[in-house]
Structure formats: structure tokens, C-alpha cells
Amino acid sequence: MKLNTRNIRRVVQVLFLLAFLAAFVVARFPLEFRGAVAAARLSPLTAVTAMIASRSFIAVLIPGLAVLGLSILFGRFFCGWVCPLGTTIDIADTVIGRLRKVRLGADKRLRRLKFAVLAAILGFALFGHMASGFLDPLALYPRTLAAAVNPYANHLTREGFDLLYQAPGIHIVSEAVYGPVRTHLLEFSQPWFRGHLLIFGVFAAILLLGLARSRFWCRYVCPLGAMLSLTRTGLLLRRRVASGCTACGKCRRVCPMGAIVDNKGTVMAGECALCGNCTSLCPKSSVRFAPVGTRGADPVPTAAGGVTRRAVIGGLAAGVVAVPAAAASARLGIEANVIRPPGARGAGEFEALCIRCGLCMKVCLTNGLQPLLLERGVAGLWTPSLEPRIGYCEYNCTLCGEACPTGAIERLEVEQKRKTAIGYAFLDLNRCLPWAFGVECLVCEEHCPVEPRKAIRLERAEVADPDTGRSRTIKRPVVDLASCIGCGVCENKCPVPGPAAILVRGADHETVRQLHPGRGRNRGQQEGAG
Amino acid sequence: MDKGPKRGRDCCTRRDLIIRGAGAALAVHGFTGCRGATRGRTGAGGPLSHVAPLPENAPLAVARSSGDPAAAVRAVIHGLGGMDEFVSRGDTVTVKPNIGWDRPEAMAANTHPEVVAALVTLCLDAGAARVKVFDHPCNDARRTYRSSGIAQAATDAGADVFFLEDRSLVRVEIPDAVNLKEADFYREAFESDVIINAPVAKHHGLTRLTLGYKNLMGFLGPGRNRLHQNMRHDLVDLSLAVRPELTVIDAWRVIVANGPQGGSPADVEHPRVVAASRDMTAADSFAATLFGLTGPDIGHVQEAADRGFGVIDLDQVELIEV
Chain A
0 MKLNTRNIRR VVQVLFLLAF LAAFVVARFP LEFRGAVAAA RLSPLTAVTA
50 MIASRSFIAV LIPGLAVLGL SILFGRFFCG WVCPLGTTID IADTVIGRLR
100 KVRLGADKRL RRLKFAVLAA ILGFALFGHM ASGFLDPLAL YPRTLAAAVN
150 PYANHLTREG FDLLYQAPGI HIVSEAVYGP VRTHLLEFSQ PWFRGHLLIF
200 GVFAAILLLG LARSRFWCRY VCPLGAMLSL TRTGLLLRRR VASGCTACGK
250 CRRVCPMGAI VDNKGTVMAG ECALCGNCTS LCPKSSVRFA PVGTRGADPV
300 PTAAGGVTRR AVIGGLAAGV VAVPAAAASA RLGIEANVIR PPGARGAGEF
350 EALCIRCGLC MKVCLTNGLQ PLLLERGVAG LWTPSLEPRI GYCEYNCTLC
400 GEACPTGAIE RLEVEQKRKT AIGYAFLDLN RCLPWAFGVE CLVCEEHCPV
450 EPRKAIRLER AEVADPDTGR SRTIKRPVVD LASCIGCGVC ENKCPVPGPA
500 AILVRGADHE TVRQLHPGRG RNRGQQEGAG
Chain B
0 MDKGPKRGRD CCTRRDLIIR GAGAALAVHG FTGCRGATRG RTGAGGPLSH
50 VAPLPENAPL AVARSSGDPA AAVRAVIHGL GGMDEFVSRG DTVTVKPNIG
100 WDRPEAMAAN THPEVVAALV TLCLDAGAAR VKVFDHPCND ARRTYRSSGI
150 AQAATDAGAD VFFLEDRSLV RVEIPDAVNL KEADFYREAF ESDVIINAPV
200 AKHHGLTRLT LGYKNLMGFL GPGRNRLHQN MRHDLVDLSL AVRPELTVID
250 AWRVIVANGP QGGSPADVEH PRVVAASRDM TAADSFAATL FGLTGPDIGH
300 VQEAADRGFG VIDLDQVELI EV
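Chains as they are written, first to last, in numbering that gives the first Met the number 0: chain A, 0 to 529; chain B, 0 to 321.
Incorrect hints may have been included.
To give an idea of the interface, some chain B residues facing chain A are shown, with a C-beta separation under 7 Å as derived from the structure [as the list claims (entries may be wrong)]:
{"hint": "1", "residue": "63"}
{"hint": "2", "residue": "64"}
{"hint": "3", "residue": "101"}
{"hint": "4", "residue": "139"}
{"hint": "5", "residue": "204"}
{"hint": "6", "residue": "205"}
{"hint": "7", "residue": "224"}
{"hint": "8", "residue": "228"}
{"hint": "9", "residue": "231"}
{"hint": "10", "residue": "257"}
{"hint": "11", "residue": "262"}
{"hint": "12", "residue": "263"}
Okay, the calculated bits of chain A under chain B, using three or more residues with CB under 8 Å as the criterion [claimed, not checked]:
{"hint": "13", "region": "393–400"}
{"hint": "14", "region": "434–445"}
{"hint": "15", "region": "448–462"}
Just so you know, these hints were derived from the structure itself, not from any lab. All C-beta atoms, glycine included, are put in the ideal place defined by N, C-alpha and C.
Please put together the full structure from these sequences, using the hints given.
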């Protein structure tokens with residue numbers, strides 16, 4: 000392989016992609032390495048949108064501003080060299096390339112679309128809503144991995160090894176391999192996430208756009224690409240076509256971004272991703288990227304990029320029109336039971352910061368954090384909510400806050416987290432075994448972790464046997480609203496089939512505590528021995 | 000650091016392959032839940048049971064305040080004749096502690112790690128080829144193994160510490176059971192020559208105390224929350240499928256309220272007692288006295304005695320103070 004820009008770029012792309020995937024895989028308990036969180040913070044789109052929407056300077060998102068700064072200097076290198084979605088698209092394009100018919104016209108108008116998308120996102124952000132996460136590659140990619148690819152890969156791997164285990168002879172080898180795979184690659188237990196098909200479908204659709212054009216997404220849709228394309232080739236680099244150019248048109252054909260508009264090598268401003276194909280594949284080696292100020296007055300042909308006033312205004316308008324729709328959804332969705340993770344900011348703030356990257360769901364020990372669908376409207380789509388029947392909130396765990404790139408879920412100290420209510424539990428007396436059937440159970444009380452005293456108490460009650468009339472004493476649970484934190488372990492472990500007989504309703508801490516201000520707990524009568 | 004999750008199984012035998020093959024056939028027919036679920040019956044000699052012989056006139060050794068937990072364990076084992084009485088050279092031993100809850104060691108929610116380590120060391124010194132330490136925790140297993148200190152202590156002592164996986168679940172019938180006619184077990188429950196039950200004594204809201212019989216629930220898979228509705232019978236039925244050769248009750252530090260997890264350091268007392276016996280009923284009955292109760296106060300212990308599984312009346316038990 001020749002040592003040229005193109006090949007160096009390809010190696011760097013693959014390295015970044017592998018690093019990204021590795022960081023994702025190791026983003027799990029005990030979360031000592033937070034590379035995946037850092038990766039999500041690299042997006043300038045996230046940084047700018049979050050700061051506008053929350054009207055605050057978010058220090059942890061400085062890396063995104065740094066990438067923006069570097070892009071101002073060097074142009075859209077991020078798209079060509081770093082972006083994991085871009086690299087994946089390049090790989091997919093290679094695979095499905097033979098199915099594609101190359102059309103070289105009429106794409107200039109389509110280029111404006113991404114600026115409209117960007118403008119819509121920014122317009123939306125002006126009103127405090129955060130919509131960048133839907134389409135920002137650095138949020139979309141981990142979300143797809145977390146909700147779909149990782150669970151699928153885990154399932155297939157486990158099933159595959161289980162199958163191999165049946166095969167006499169082979170199983171000795173496969174079991175030897177399974178050990179390290181199990182320890183280092185697989186999740187501790189098989190995760191599943193609601194809405195995974197849609198999330199995967201969006202990702203697959205993005206890749207399938209390669210049937211129409213190479214890097215279709217990057218050219219026409221990606222709002223991060225749009226933001227970076229505003230930097231054009233950057234302040235420090237110039238693309239030069241030397242006099243040896245024979246106008247053969249090869250560069251035009253090999254440009255994945257379709258950025259070269261004529262056989263003279265004229266490039267559309269802001270559409271070049273610095274991939275190096277043109278410089279490395281030019282038969283006359285007539286194309287180079289050289290720093291500004293390099294001597295030799297070669298012509299620097301550029302054409303106007305896709306930003307038009309119409310696109311920007313149209314996008315902004317769309318964004319602004321969507322604002323009341325978002326507000327309506329939030330209000331109309333008030334009945335839905337949404338349990339935000341502990342540390343999640345209040346409703347408005349949360350929606351101003353959540354980029355729907357899926358990292359909190361990925362690290363959640365119990366798989367309890369699930370993506371919302373439309374319970375809170377589109378504004379809540381793919382934001383996290385606890386589903387206690389699937390997984391409860393582990394009492395001593397703070398991983399979701401540690402994994403949140405934007406601080407939509409704040410990092411809490413363990414002691415603080417343990418006292419933070421995310422909802423409250425209430426009993427369904429029609430289904431609870433002791434209450435409805437006189438059958439002792441108390442699994443909920445057993446599992447309630449609240450310190451210093453459980454938030455589920457036992458009261459004694461006389462029940463009469465319907466057949467004999469004899470009465471006996473049983474213990475049955477009662478929820479203490481002054482101390483319940485809504486962690487959901489009671490609902491999770493309740494043995495009643497179907498919906499649990501004790502349920503958690505999501506609410507913020509202040510609301511829960513107002514339900515029962517608390518009388519200053521005294522220890523009262525202790526159950527049992529001692 | 001506890002070792003990563005392992006397969007949790009000894010090297011496969013042909014029998015395993017046949018059972019697994021049958022399981023695969025069931026799986027193909029859409030049998031969800033237990034992966035490759037095999038069915039088995041209890042009873043001496045069956046592949047899916049581990050039932051030590053019923054103890055007859057088994058003595059109960061008790062150590063009080065012997066310096067540290069490890070010394071107490073050594074003392075009670077010595078009092079029962081030494082670990083050679085229970086472990087033969089080349090044996091695979093399972094030490095089954097309570098690794099139930101994500102609580103730090105001082106909260107007494109799990110067996111004291113030094114008790115576990117001491118047992119592991121004694122087994123290895125007696126010539127055991129392999130000592131396995133595991134449990135099915137109620138909280139997240141990774142956190143629980145770590146917070147309890149047991150994974151580290153047992154690994155340091157030379158034990159094989161691993162997590163249980165759903166793929167090793169088997170459905171076991173218990174035909175002689177009064178109520179719990181079948182249950183899902185992790186097959187590791189049945190894959191050793193000797194089981195040493197190592198519960199921590201503590202308060203429990205439902206059963207009043209959780210001791211040796213209750214600790215066996217750690218061998219059960221998901222769905223064990225169905226035992227709570229008939230605990231008195233179900234725990235004794237459970238012992239028809241798994242009866243350990245030796246029960247060592249850790250009462251070094253105990254939870255006296257808000258069990259079985261505990262809620263505050265104020266709930267923890269320090270009797271500094273370790274008790275051991277082949278007779279799990281006698282051991283539980285003795286441990287109850289440390290909480291101001293008696294064996295008959297614990298429903299399932301009385302039930303066990305009523306069914307003839309051990310002695311509940313401490314006057315009839317040979318007590319060896321060590």
C-alpha cells in the first residue's frame with residue numbers, strides 16, 4: 000500500500016472507528032474508562048446546540064468547541080478522518096458501490112437540505128429544545144450501538160457459542176474462546192431496548208442511502224456536516240490544482256463527497272472532507288493540499304457551497320414551528336409514566352440537554368433505563384426512562400450520571416443519589432397477595448434498600464379463612480412515602496404475574512416529598528427479633 | 000479483583016453432552032426460559048440433586064469470641080474432627096456463602112469474607128482439588144461480589160470464584176416435596192462432591208431469621224420470589240434437592256433489624272460466634288438463640304424437624320464449645 004494521503008486517511012479512519020467501538024464496549028460497570036463519554040463530547044453540534052438550548056456554558060463540552068476550532072483552521076477533516084458514521088458509510092459505500100449508478104448532476108440543490116436541518120435544530124434550540132441528538136452522528140452512532148447493534152451482537156454470540164457447545168469436538172475450542180469473549184466483549188447480561196428496530200432502521204437507511212450517492216448522508220443531510228462545511232477548506236489549508244492537470248476528470252469521479260464540480264478540479268466550498276482521494280489518485284499528481292502562504296501562485300478554483308438564504312430561513316422556520324408542537328406533546332403526554340434517572344435535571348432542563356446518545360442506557364446495570372417512544376411526544380423520543388419491571392435502579396450505583404456526556408443526568412455522589420427520589424411506589428391492593436388474598440409474601444419489603452429504615456413497612460392484620468372462618472395474623476406491606484425513592488426494586492421483584500402489585504410512578508424529588516412531608520421518623524416497633 | 004465470569008462448569012462429560020443435546024432439541028422447539036432446560040428428579044444418585052445423608056446425632060461446635068472470624072472457623076471445624084471429616088483428597092467442594100446484597104462488609108448483609116476465606120483454605124489444606132465459591136445475588140452480581148469483599152477474599156484464598164449464568168439453569172422436579180414440586184436451579188448446585196453451606200445469620204421480615212435453610216435459595220434461578228408465599232414448606236422442600244454436608248453459620252456480626260439487607264450500622268450487633276454442624280436444623284436452632292429466639296420460632300426449621308430432617312431441641316444435641 001502506497002504511503003499517500005488517501006491511505007493514511009484510511010488507516011486513521013479505521014483506527015478512530017476501532018477506538019470508538021472499543022470505547023463503547025468497555026463503557027460498562029465499573030466504568031473506569033470513559034472514552035465513550037468523551038467521544039460524544041467531540042461534536043461541535045452538540046456543544047453549540049446544548050449551550051444555546053440551556054443558555055449556559057457547559058464546560059464538559061469544550062472538546063466539541065475545540066473540534067470546531069480545528070475545523071475552522073483545517074476544514075471538514077472531521078468528516079473525512081474521524082467521524083465513525085462517516086467511516087462506516089465509506090465502508091458501506093464500498094460494499095454497495097457496484098449497485099450505484101453514478102449521476103453527476105442536480106445535487107447542488109440537495110446540498111442545501113443539510114443547512115436547513117442545521118437551521119431547524121438551531122431554531123429549535125433558541126426556544127430551549129435540544130433536537131441535535133436525533134441526527135448528530137456522535138449521538139446517533141452510540142445510540143444505534145447501544146439499542147440495537149450491541150444487543151443483537153450479544154444475542155447472536157451467545158447463541159452461537161451455545162450451538163457450538165453441542166458439537167462434539169468443536170466445543171473444546173469454542174469454550175476456550177468463549178471465556179475471554181464472555182469476559183471482555185459481551186455484556187454481563189443480555190440487554191434489550193424498546194424501539195430498537197426503529198433506531199436500527201434509521202441507521203440502516205442512512206447506510207442504504209449509499210445506493211443513490213456515495214456519502215449521501217454527509218453531503219445532503221448531516222447537520223454536523225453542515226456546521227463543519229461552513230468552515231470551507233479552513234483558514235490554513237488551500238487546495239491547489241497545478242498546471243499539469245489534463246482535465247481528465249478522474250478526481251471528479253473518485254471524490255466520495257462529489258465535491259468536485261468540473262473536470263478542471265473546481266471544488267464546492269465546504270463539501271471537501273479532505274479524504275485525499277483526489278491528491279492520491281490524480282494520474283498527474285497535480286492536486287495537493289498545501290498550507291496557506293505556500294509559494295507558487297497556482298489557481299485555487301472553488302465554487303459556491305450549498306448555503307443559501309432560502310435554506311437557512313426555511314430551516315429556521317421549520318424549527319420554530321416545531322416548538323409549539325413540542326410543547327403540546329409534553330403537556331398532552333402528562334399521563335404517561337416517565338421515571339427519569341436519578342440526577343436527571345428538571346423537565347425543561349433535561350429536554351434542553353439530552354442528546355439521546357444511549358450511553359446511560361448502555362451502562363445501566365439492570366437494563367432498566369429504556370428509550371421513550373412518543374410518551375412525551377417527539378421531544379421525548381429516545382430519552383431515557385426507567386422501566387422497573389425490566390430493571391430497577393440499583394441503590395448504590397451512579398453510572399448513568401457518570402456516562403451522560405452533556406450533564407442532562409448530573410453526576411451524583413452515592414450518598415446523595417441514595418436520597419434522591421425519582422418516583423414513589425404505591426400498592427395495588429387488589430393484586431397484592433397479602434392484601435387481596437391473605438397470602439404472606441413480603442418480597443417487596445425484603446428488597447427495599449432504603450437506609451436507615453426500609454420504605455416498605457410491615458403491618459400485622461387479622462384475616463379470616465373464607466372456608467373455616469378461623470382467623471390468623473399475617474404481615475402485609477405498607478409504603479412509607481416520606482422515605483420511598485421510587486427505585487423500582489419492589490415492582491421488579493414482585494412475584495405477582497403480569498403488572499406488579501406494587502408500582503412506581505415517576506415524579507421528581509420535590510413532588511414526592513410533598514406527598515408526605517415526613518413526621519421525623521422514629522424507629523417505632525421493630526418487626527421480628529431483637 | 001474477582002475473576003471475570005466463567006462458565007461455571009467442570010469439564011463436560013458425555014452425559015453432559017447428551018443432556019445438552021436434548022436441551023438443544025427442546026430449544027429448537029421454542030422452549031424459552033431455561034436455556035437448554037433439562038428436567039431432572041431428585042433422589043440419591045440422580046444427576047440433578049445433591050443430598051448429603053441425613054445426620055444422626057451430629058454434634059454442634061460453637062466458637063465464641065475467638066480472636067477473629069478465621070480463627071473461629073478453624074476452631075469449630077477442629078471441634079468437629081477436622082475438615083478431613085468432610086473433604087477427601089481430590090474432591091470438588093462448593094462453599095456456598097451468602098453473597099446476596101450490594102452492601103459493604105460491615106453492614107453484615109453477606110457472610111463475612113474472612114469466614115469464607117478460612118473455609119476455602121481449610122478445604123484446600125484437606126486436599127480438595129477445587130473449591131468453588133458462588134451465589135445468585137439479589138442485587139447486581141458484579142457489584143455484590145465486589146462490595147461484600149467475598150470475591151476478593153475467596154480468590155486470594157485460592158477458590159474458583161465465578162458468576163452464575165442463565166444458560167446453566169435446569170428445571171428439577173422434587174417429587175417428595177410437600178409444596179415445591181419443581182424449581183429452577185443453577186446446575187452448579189449439583190456439580191461438586193461436597194457442599195459447605197456458609198450462611199450469615201440475620202433478621203428477615205418474613206421468616207424472622209435467615210440461616211442455613213434459607214441460604215440454599217442462592218442455588219435457585221429467577222422465579223425464586225415464588226417461594227415466599229409458602230416459605231415454611233418450600234424451604235424444607237428445597238433441602239430435598241440440595242442438602243449440604245456441613246453448615247457453618249457465621250454469626251460474627253449479625254443484622255438484628257431491617258434484614259435481610261440491613262439499613263444502618265445501628266442494626267448490626269457483634270456476637271462474634273461461629274457455629275457448625277452436619278445437622279442444618281440443629282445449627283439453625285442454635286443460631287436462633289443468639290437473637291433471643293428458639294428454633295421452633297422459625298417456621299421452616301420447625302417444619303424440618305417435624306419431617307425428621309435433623310434435631311431442633313438443643314437439649315438433644317451434643318454441644319462442643321471450642
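Each hint tested on the structure:
Because the smallest distance between the Cβ of residue 63(B) and any Cβ of chain A comes to about 18 Å, over 7 Å, the interface hint for this residue is violated. Taking 7 Å as the C-beta contact cut-off toward chain A, the hint placing residue 64(B) at the interface is violated, the least distance being around 19 Å. Residue-level restraint check for residue 101(B) holds (minimum Cβ-Cβ distance to chain A is 5 Å; threshold 7 Å). About 4 Å separates the beta-carbon of residue 139(B) from the nearest beta-carbon of chain A, less than 7 Å, and the hint is met.
Given hint, residue 204(B) at the interface with chain A, holds; its Cβ is 5 Å from that chain's nearest Cβ, closer than 7 Å. Taking 7 Å as the C-beta cut-off, the interface hint given for residue 205(B) holds, the closest approach to chain A being about 4 Å. Hint status for residue 224(B): holds, given a least beta-carbon distance of 4 Å to chain A, under 7 Å. This hint holds: residue 228(B) has a C-beta 5 Å from the nearest C-beta of chain A, less than the 7 Å allowed.
Using the Cβ-Cβ criterion of 7 Å, the hint placing residue 231(B) at the interface with chain A is not satisfied: the shortest such distance is roughly 10 Å. With its C-beta approaching chain A no nearer than about 6 Å, residue 257(B) sits inside the 7 Å limit, and its interface hint holds. The interface hint given for residue 262(B) is met, as the beta carbon of that residue sits about 5 Å from the closest beta carbon of chain A, less than 7 Å. A distance limit of 7 Å between C-beta atoms decides the matter here; for residue 263(B) the minimum to chain A is near 3 Å, and the interface restraint holds.
Using a Cβ-Cβ cut-off of 8 Å, 4 residues of the region 393–400 of chain A lie near chain B, which meets the minimum of three, so the contact claim holds. Taking a C-beta to C-beta cut-off of 8 Å, the region 434–445 of chain A contributes 7 residues in contact with chain B, enough for the three needed, and the coverage statement holds. Note: the region 448–462 of chain A has 7 residues with beta-carbon separation from chain B under 8 Å; the three-residue rule is met and the coverage holds.
The earlier numbered hints that this structure contradicts are 1, 2, 9.
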